[in-house]
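Protein sequence lines correspond, in order, to chains A and B. Mapping of the first sequence onto our numbering: position 109 corresponds to residue 105, and the numbering continues sequentially without gaps. Mapping of the second sequence onto our numbering: position 81 corresponds to residue 82, and the numbering continues sequentially without gaps.
No wet-lab data here; the hints were simulated from the structure. Note that the coordinates shown come from a computational prediction; the quantities given were computed from them, not determined experimentally. In this text, a Cβ means the ideal position worked out from N, Cα and C, and glycines have one as well. Take the hints with a grain of salt, since some may be wrong.
[Stated by the list, open to error] Label pairs and their calculated CB-CB ranges:
hint, chain 1, residue 1, chain 2, residue 2, range
1, B, 16, A, 220, 48 to 54 angstroms
2, A, 63, B, 43, 54 to 60 angstroms
3, B, 42, A, 159, 39 to 45 angstroms
4, B, 31, A, 217, 50 to 56 angstroms
5, A, 143, B, 73, 16 to 22 angstroms
6, B, 45, A, 241, 43 to 49 angstroms
7, B, 41, A, 95, 40 to 46 angstroms
8, A, 105, B, 16, 47 to 53 angstroms
9, B, 42, A, 220, 56 to 62 angstroms
10, A, 67, B, 72, 40 to 46 angstroms
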Amino acid sequence: MAGKVVTITSGKGGVGKTTITANLGAALASRGQRVVCIDADIGLRNLDVVLGLENRIVYDLVDVVEGRCRLRQAMIRDKRIEGLALIPAAQTRDKTAVSPSDMVRLCEELRQEQDWVLIDSPAGIERGFRNAIAPADMVLVVTNPEVSAVRDADRIIGIVEAEEKGPAQLIINRIDPEKVQRGDMITTEDIVELLAIHLIGIIPEDDNVIVSTNRGTPIVLDGRSKAGKALRNIAGRLLGEEIPLMDLGRQDGFFSQLGRLFSGGGR
Amino acid sequence: MGGFMDRLTGKSRKSAYQAKERLQLVLIHDRTNLSQSVLETMKDEIIEVISRHIDIAPDEVRIEINKDGRQQRLIADIPIRGPKRRG
Ligand SMILES: Nc1ncnc2c1ncn2[C@@H]1O[C@H](COP(=O)(O)OP(=O)(O)OP(=O)(O)O)[C@@H](O)[C@H]1O
Ligand SMILES: [Mg+2]
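Same shape as in the complex, but just chain A (with noise of 0.2 angstroms):
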């Protein structure tokens, strides 16, 4: 059966995106499935660091499209997780040394040999963006529970609509618990409400994560981390189990406050 291509994008820049990629590949891979990821962000090259094999780049994504290596040449195999590979961008070019079409043609071949082919995109809605999402058989919309974070994500996900590679899906990344219970970080239901589009994850803000990405070993493998949690939740849905939305507070009246401030945990 062939693989699935499934683009990671954002309006705004810096939502998660690329931490996002990584350990969905991490979490897919883990799982027995074969996973490459490919770093479509060129000339600001990322996902080689958050998975932690940047020492081991020789060929790039150009290099495979301008026909300098084979495929096989350009896909870093990670050691760690069997399974996992990486394609990483170039970092010496810009994003014309890529067209959509080269794009198309790449997650062919790829396809026939990976069980899912993940697109870490670039922000915004340039030519990156088209690149990304041209070969996409599903789009991940990444947005932070922010104004302007949702608002770019709308825009996102109308062009995704116009493109007919909608109907995009929704993570919302970093939502802090305590926030949203004060009133103070827009809900989950909110924001799933303002887009109109459907929710496969939520993530929340966590330490770890910059641990992690420090260390450049992805979050997944982290059993205590609440976020590693989400990630792999999300990895399950997307191979078709139905895991409930992690819980992560709503922001309730005045009644479950009153309950927490008797039961000691209202500090």
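Once you've looked at the hints, dock chain B with the ligands against the given chain A.
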């Protein structure tokens, strides 16, 4: 209506609530490319056309954009004053 309960419980003062309210307006604007002033102009023009045929209450005409999933709808509410009186 919901606004009253929200005020009572202090919900409307929370910044998350304001974020949602503001986003609601911004998204409609982004999706339709319609500003408040274009809406006002359209309203005046609609009133003009309709009044040529029937008697309406111009001050009570309301025109707004409703959200239905990812689709926007232009809703006009135009109260009719009854058959146009002659001479
Ligand atoms: N759930 C989280 N909790 C805490 N920090 C996070 C979380 N998700 C992402 N981050 C941090 O946010 C920063 C941006 O993440 P990342 O690089 O994955 O975003 P991006 O969308 O790929 O950015 P760009 O648009 O620049 O490509 C990183 O420092 C990352 O460690
Ligand atoms: Mg990135």
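At the C-beta level, are residue 67 (chain A) and residue 72 (chain B) separated by a distance inside 40 to 46 angstroms? holds, 42 angstroms
Is it true that the C-beta distance of residue 105 (chain A) to residue 16 (chain B) lies inside 47 to 53 angstroms, as the hint says? holds, 49 angstroms
Assessment of proposed distance window 39 to 45 angstroms (beta carbons of residue 42 (chain B), residue 159 (chain A)): violated, 32 angstroms
Could one say that the CB atoms of residue 31 (chain B) and residue 217 (chain A) fall in the range 50 to 56 angstroms? At roughly 39 angstroms between Cβ atoms, residue 217 (chain A) and residue 31 (chain B) fall outside 50 to 56 angstroms, so the hint is violated.
Holds or violated: the 40 to 46 angstroms window for the beta-carbon distance between residue 41 (chain B) and residue 95 (chain A)? Given range 40 to 46 angstroms: holds, Cβ gap about 45 angstroms.
Return holds or violated for the Cβ distance of residue 143 (chain A) and residue 73 (chain B) against the range 16 to 22 angstroms. holds, 20 angstroms
Please check whether residue 42 (chain B) and residue 220 (chain A) have a Cβ separation lying inside 56 to 62 angstroms. Given range 56 to 62 angstroms: holds, Cβ gap about 59 angstroms.
Taking the Cβ atom of residue 63 (chain A) and the Cβ atom of residue 43 (chain B), is their distance within the range 54 to 60 angstroms? holds, 55 angstroms
Starting from the hint 43 to 49 angstroms, judge whether the C-beta atoms of residue 45 (chain B) and residue 241 (chain A) obey it. holds, 47 angstroms
Go ahead and decide if the range 48 to 54 angstroms is satisfied by the Cβ distance of residue 16 (chain B) to residue 220 (chain A). violated, 32 angstroms
The structure is inconsistent with the numbered hints 1, 3, 4, although it conforms to all the rest.
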